[in-house]
Each structure stands twice: as structure tokens, then as C-alpha cells.
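Chemist: Sequence:
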Amino acid sequence: MTILVTGGAGFIGSNFVLDWLRETGEPVVNVDKLTYAGNLANLAAIAGDPRHAFVRADVGDQAAVEALFAAHRPRAIVHFAAESHVDRSIHGPGDFVQTNVVGTFRLLEAARGHWQALPAGEREAFRFLHVSTDEVYGSLGEADPAFREDTAYAPNSPYSASKAGSDHLVRAWHHTYGLPTLTTNCSNNYGPYQFPEKLIPLMIANALEGKPLPVYGDGRQVRDWLYVGDHCEAIRAVLARGRPGEVYNVGGNAEMRNLEVVHALCDTLQALAPREGGYRGLVAFVADRPGHDRRYAIDATKVRGELGWAPRETFATGIARTVRWYLDNAEWVAQVRSGEYRRWIETNYARRA
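For the sequence shown, the positions run -19 to 333 when our numbering is used.
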């Protein structure tokens, strides 16, 4: 028995692989293209573990993926591989269409061929779990109810549009071909191993260096925050007990404005790594990004009611764990922030001051 994980050297994927081996012990074949956000250092804790097989490949390479299916005969696929940053999608949307839409299509086709060739019992047990985002639902007003699984799609960025396209392909492959798919739409993740272009690790890194903390617009955009370990547990629950063809929204029950998140980070850092004058004075408002959605919120009633999952971490406990991890792993942060990361920061933030 083994599962195939795509994008398993990225932020959420690597956390999932580490959690999976710790919680289940079932072997993993880990496929990652190792673009800027894929980092084998995330998996250092399982280097040499015979239960973990890493393969550098592109999910868009159908022949390579088919060869992996033939060699390892996985009982399930957990599909994380994606371009995932809104700002990057604004600067270069083509990569998002290629990876998120075309790559998912190629993977679905390879999975369909593998699934159809399985013996009856294995075919019935097979699952294709597609990990997506709440951004496919668009933007909410302050008083609007949270996103449900039946909320109409209304993506507003190239990133969310490409993820919406991949969601629709997964749905179609279930309804047309019978492929036993599952989709999860999650809220903003945070935690260890997150690439430092995202809000929380960016703010931690800048704060520790005494650099400005760039906050878009007025900082009043609202997001629901989900600790990555809780997300991994939810995915395990959906894979084990979710109904084929269904969608499950996964949220952290932690809606906060971006400025509140930054202030909470500043206060947590001040408690753990005190700085004269504190960190809040480093906050610097910069020009907003184009088409910035105002609010996302997740209604996770379905996954809680059907599968018994609920987040273990509050935002306060999750952010404390996250800050401690970044403080304890300064070498990892320094390595990741070199090269590609610095070029990205110059492109995206220096021009917004």
C-alpha cells in the first residue's frame, strides 16, 4: 500500500508528507518539480527513510506520471502541486494556467488510466484527492455568510481562476468517467516551511531584520487562517472517510484582518524575541494589489458533521508555534531567502512603497 503525493516538497505538501509518515506509517511516493517554492530541505527529517520515495518530475508530464503509477501502483493520489501566489499570478499568469489547469488535466488522465486498469477491489478503494482554495469563490462583503461547498464560483485573480479551472476538471472526471475524486477548498494556511513571499513568514523575516512590514492598502482585508497541521489532519480525514465526488471546505475558524494578523505577529515576536520599541512601529502601508479580494470566510460545517474534523489550533496557539519554528530554524530561512526570493521581493514590493 502506498500513496502518491504531488507537490510534496512545497509548504503544505511537505507538512502533509511528514505528518502522514508520522501518523500512518504508510509509504509515500513524492513527486515535485522543485520550482522556486519546492525545497528538499523541508524533508530533511525523513532523508533516507525507506517509506519515502522522492521523484523530481512535472505532473504535466503524463508519460512520467504514468511510469510512476506502473512502478508503484498507488492506492490514492493527494494532489498539492500548484502555483499558488496571487501576486505572482498577476505578474505571470501563464505559468498558473500551465501548472494548475494543464498539469491537473494531465494528472487526471494518467490517474484515470491507472484506475481503470486496477482489479475490481482496488478500483473501488482508489481515491484522487485534489487540494484547492477558498479563493475560487471570490470575495465576500463584511456581512455575507461564509463560503459553503455550494457557493457559486467567482474567481477574481489569475491564480484563483486557474484553481477554479482545475476544480471543474476534477468534478468533470468524476461525473463523466466515474473517477473517485475528492476536493478540499481550504482557507489561508500558515506554519512551518512556508515560502517567505507569503504574509506571515514575510512579516516574521522582515521584523527580525528591523525592515518595514509592508501591508497592502488599508490592511482591513479579512482572511480565515488555518494552521497547516490542522489542514493535514483534515486531508487525512477526507481521504479516509470522504464520499467520492464530494467537496469539503476546510477552515480554521479564525477570521482576522490582515493588519490584525501583523499586529499579532509583532506582539508574539516581542514576547519571544524582544526588540527595543517593539515591532509594531515597523508596519508600513503600501499600494494595494490589483483586484484585491476584501474578505474570505469558510463554513466548515460539512467536514465537521460528516467526518468529525475540527481545527485543534486557535490562531493564538498556531501563531505562537509558527513564530517559534521560524526563530528555531533561522538557517532554513536564510537559505530560502537567497536568490529567487530576493528577486521576487524587489519585483513585487519595492515598486509599491
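Heads up, some of the hints might be wrong.
[Stated by the list, open to error] Computed spacing ranges between beta-carbons, pair by pair:
id	residue 1	residue 2	range
1	ALA132	ARG53	32 to 40 Å
2	ALA47	GLY258	50 to 58 Å
3	ALA44	GLY158	34 to 42 Å
[Stated by the list, open to error] Here are the computed lysine-lysine pairs in the DSSO-like style, where the Cα-Cα straight-line distance is at most 30 Å:
id	residue 1	residue 2
4	LYS13	LYS282
5	LYS191	LYS282
6	LYS191	LYS178
No wet-lab data here; the hints were simulated from the structure.
Glycine included, C-beta positions come from ideal geometry on N, C-alpha and C.
Chemist: Does the structure break any of the earlier hints, and which numbers would those be?
Modeler: 3, 4 and 5
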